Amino acid sequence: MAGTTLIPSGDFKTSYGADTTVFPTATSRNAAILGVAVLLAAPLVFDNYWLNLLIQIGYLGIAALGLNILVGFTGQISIGHAAFFGFGAFASAWLSNSFAIPVALAIPLAGVMTTAVGLIFGIPAARLKGLYLAIATLAAQYILQDFFARAGWFTGGVAGTIAEPFSLFGYDFDTDASYFYVVLAYVVVMFLLATNLMRTRDGRALVAVRDHYLSAEIMGINLTKYRTMSFGISAFYAGIGGALYAHYLQFVSVEGFTILFSIQFLGMIIIGGLGSIMGSLMGTAFMVLLPETMQALTDSLSGTVIDRALNLKDSVAFLREMAIGVVIILFLVFEPDGLAHRWKQIKAYWKLYPFSH
Amino acid sequence: MLTRKTALLATVAALTFAAPALAADIPVGHLADYSGATSDVGQPFGQGVADALAYINKQGGVNGNRLAVETVDYSYQAPRAISQYKKWASGSGKAAAIQGWGTADTEALTAFVAKDEIPYYSGSYSGHLTDPTGAAGHGKGAPYNFFYGPSYSDAVRAMLMWAADDWKAKGGQGKPKYVHMGANHPYPNAPKEAGEKLAAELGFDVLPAVQFALTPGDYTAQCLTLKDSGANYAYLGNTAGSNISVLKACDTVGAKVQFLGNVWGMDENAMKAAGKAADGVVFPVRTGAIWGGDAPGMKTVQEISAVSDSSGNAYRPVHYVAGICSAFYMKEAMDWAVQNGGVNGPNIKKGMYQKTDWVPAGLEGVCVPSTWTDADHRGTNVVNLYRAKVTGPTEAAVPELMKSGATALEKIATIEVPRKAEWLGW
Chain A
0 MAGTTLIPSG DFKTSYGADT TVFPTATSRN AAILGVAVLL AAPLVFDNYW
50 LNLLIQIGYL GIAALGLNIL VGFTGQISIG HAAFFGFGAF ASAWLSNSFA
100 IPVALAIPLA GVMTTAVGLI FGIPAARLKG LYLAIATLAA QYILQDFFAR
150 AGWFTGGVAG TIAEPFSLFG YDFDTDASYF YVVLAYVVVM FLLATNLMRT
200 RDGRALVAVR DHYLSAEIMG INLTKYRTMS FGISAFYAGI GGALYAHYLQ
250 FVSVEGFTIL FSIQFLGMII IGGLGSIMGS LMGTAFMVLL PETMQALTDS
300 LSGTVIDRAL NLKDSVAFLR EMAIGVVIIL FLVFEPDGLA HRWKQIKAYW
350 KLYPFSH
Chain B
0 MLTRKTALLA TVAALTFAAP ALAADIPVGH LADYSGATSD VGQPFGQGVA
50 DALAYINKQG GVNGNRLAVE TVDYSYQAPR AISQYKKWAS GSGKAAAIQG
100 WGTADTEALT AFVAKDEIPY YSGSYSGHLT DPTGAAGHGK GAPYNFFYGP
150 SYSDAVRAML MWAADDWKAK GGQGKPKYVH MGANHPYPNA PKEAGEKLAA
200 ELGFDVLPAV QFALTPGDYT AQCLTLKDSG ANYAYLGNTA GSNISVLKAC
250 DTVGAKVQFL GNVWGMDENA MKAAGKAADG VVFPVRTGAI WGGDAPGMKT
300 VQEISAVSDS SGNAYRPVHY VAGICSAFYM KEAMDWAVQN GGVNGPNIKK
350 GMYQKTDWVP AGLEGVCVPS TWTDADHRGT NVVNLYRAKV TGPTEAAVPE
400 LMKSGATALE KIATIEVPRK AEWLGW
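So the protein sequences, as listed, match chains A and B.
For reference, each letter of the first sequence is one residue, going 0 to 356 in numbering that gives the first Met the number 0.
For reference, each letter of the second sequence is one residue, going 0 to 425 in numbering that gives the first Met the number 0.
You may find that some hints are simply not true.
As the list claims (entries may be wrong) - A short, non-exhaustive set of chain A residues, derived as facing chain B with CB atoms under 8 Å:
hint, residue
1, N47
2, A148
3, V157
4, G159
5, I161
6, T174
7, S252
8, E254
What the hints assert, rightly or not - Which stretches of chain B does chain A cover? Using the computed rule of at least three CB atoms under 8 Å from a CB of chain A, they are:
hint, segment
9, 70-80
10, 86-97
11, 183-190
By construction, these hints were calculated from the structure, which means they are not laboratory data.
Quick caveat: nothing in here was measured; it's all calculated off a predicted structure.
From the three backbone atoms N, C-alpha and C, an ideal C-beta is built for every residue, glycine too.
Chain A with its partners taken away, still in its complex shape (with noise of 0.2 Å):
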């Protein structure tokens, strides 16, 4: 993974495999192990409100790491991601819709039909920087969401289409405590391949290109092969997200892909950490949990002393929507580089106690 981790002196690498582990640390593998291990048995306590909150994560978070490898690794730029996670839903609910092939089958394949339509759309990212390249992904957004629209044979057209449940061996993972286990997998596969990839010869061209795009070709880096490919990537991920959503729902309509989803998307890496991939998963939760927590605190403030003296009554639905914009902005300014970079400094704050000085 790209970043400095803070290794105890004498612990060093002999070779570059053992540089470019999935896991820094022995002890970061087993906390990895043993978080998915708990959150197995999450099913078993929390309600289901808990755990839509944690498919929601899941399947966002999927998406969002896709944009991460576009954004973060690769430094293009991408404002409709959401119509390829909307391309990923209707895909798969069409698939299994029309042709009856099992669930479980068409979410893969709707991440790989989701792919050929991302590498469409990047091939002006051969061509583009900056933004001019942002306005070109912006068609993306808009000439999707007009096809979801109008093709009917595709979508239902703008009524939108039934999404069969995920099924497998007979048994129907239709309710949020088994269809968790689906999310939960989907997402360690997902996040183990984004990891194998930033390994990879072609996961370090990605970064090249970000990192400087002229030094990168002189070294003999294919640029255009390399930038449409990381939409072709980022693409998959938004598909593989956006189908899991379309089986949870078990409904798809047009209407839930819009670009305010683009952006949002955007605003879970730019959260939780550009470049990091724990960082993708970190920004979505954040993403997804800031207007439960500031619902509940507007729940707690109606009909309190403050309520009656204000007279917000009504109101106090929007004030949840400005503080969330809030909390947004006061986050980008004392918290510039992500969530991941947080996380790391409370770890190197424990690993120096006491003397981090």
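Given chain A, work out where chain B should sit, using these hints.
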């Protein structure tokens, strides 16, 4: 200190254990659009439903069981409605019934509510929801969907029947031209086919549909199209907010068209906002009386209104009164269910079939007599057509405008749409 802590602990424990004692509460979900594209009419309707349910609780609930109502604003986003529904449909607090709203979400939920057996009272009157068995061949059927009022399709049929007579009465020459207007969205689209088919049968020239978004905007281009096409009758499929924009723009460009509004397409607030551009719009009103009317049931309506307006000064638009009816049909079906095996989805559904020409107690003259059967969910096929009249400036507040007569709703016809079997389900 210890005793105080013990007392506190005991209270908490008592509350925790007391909670299941309230289990007789009947969970009811209420989806409303207070902030989305249709919030202009979603607010008064949602308020009507919420006030009526609160009033029912004040009067002792359903046979002494309180209705535990959870109102959620879903901003007219179908995916949000569905994720909310999933919360209501699962777990121990499974909703006994749901008061819903939009067409996109209601139609998307049709299969879910049928599977979960939760009666769903929508604010959508899409014709697709009227066929409980699917026998009519326009889909799989919507066994658990109910709504109070004429379906969108029957409403547009009634207005076309009126328009055909109106054309003759005015001495119009040749074929009148009819055009469907609205957003490309399930709600305005719902009655499109029904309207265009009947229009053709009645001898109208059916023009290509004109699109305008559900949100207010500049619709001058659409009005110029309308003017150039020479349309005589135009159906407005959207809600009041965006219709106001169209009415104003068409007034400006001078398109002389008789507008036919959807049930949600016109109300007292819209007349005020659109001013003289709203003058002459014909639209269906779902209740037998409007605010300020003297039907016997209006006394109950005023008591319900006092739930959220203790001053008694608020003016309640037509949608508010319709919301009350929607809540009360559900309540009386629950009353029947209590006596016949308990309040659950299948029993409430059966409760809806018990009466014919049914008016909820206390709302006589307000709710139009309705009949639901297990083969036909067209509650009523009687459509009361009103004409919006705007005779003066509309700067004053709505209650004053309605009092002074600067804006008025004038009943022009009652059309009984034939209950044809081939018109079921679309």
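Comparing the hints with the structure gives:
1. Interface restraint check: N47 (chain A) against chain B, minimum CB-CB distance 6 Å, threshold 8 Å, status holds.
2. Hint status for A148 (chain A): holds, given a least beta-carbon distance of 6 Å to chain B, under 8 Å.
3. Satisfaction of the interface hint for V157 (chain A) is found here, the shortest Cβ-Cβ separation to chain B being roughly 5 Å, below the 8 Å cut-off.
4. Look at G159 (chain A): its Cβ gets to within about 6 Å of chain B, closer than 8 Å, so that hint holds up.
5. Taking 8 Å as the C-beta cut-off, the interface hint given for I161 (chain A) holds, the closest approach to chain B being about 6 Å.
6. Here the hint on T174 (chain A) is kept, as its CB sits about 7 Å from the closest CB of chain B, short of 8 Å.
7. For S252 (chain A), the interface hint holds, since its Cβ comes within 8 Å of a Cβ in chain B; the closest pair sits about 5 Å apart.
8. At its closest, the beta carbon of E254 (chain A) sits 6 Å from a beta carbon of chain B; the interface hint therefore holds under the 8 Å criterion.
9. For a cut-off of 8 Å, the count of residues in the segment 70-80 of chain B with a CB near a CB of chain A stands at 4, and the three-residue condition holds.
10. With 3 residues bearing a CB less than 8 Å from a CB of chain A, the segment 86-97 of chain B meets the requirement of three and the coverage assertion stands.
11. Proximity of the segment 183-190 of chain B to chain A, defined as three or more residues with a beta carbon under 8 Å from a beta carbon of that chain, is established by the 4 residues found.
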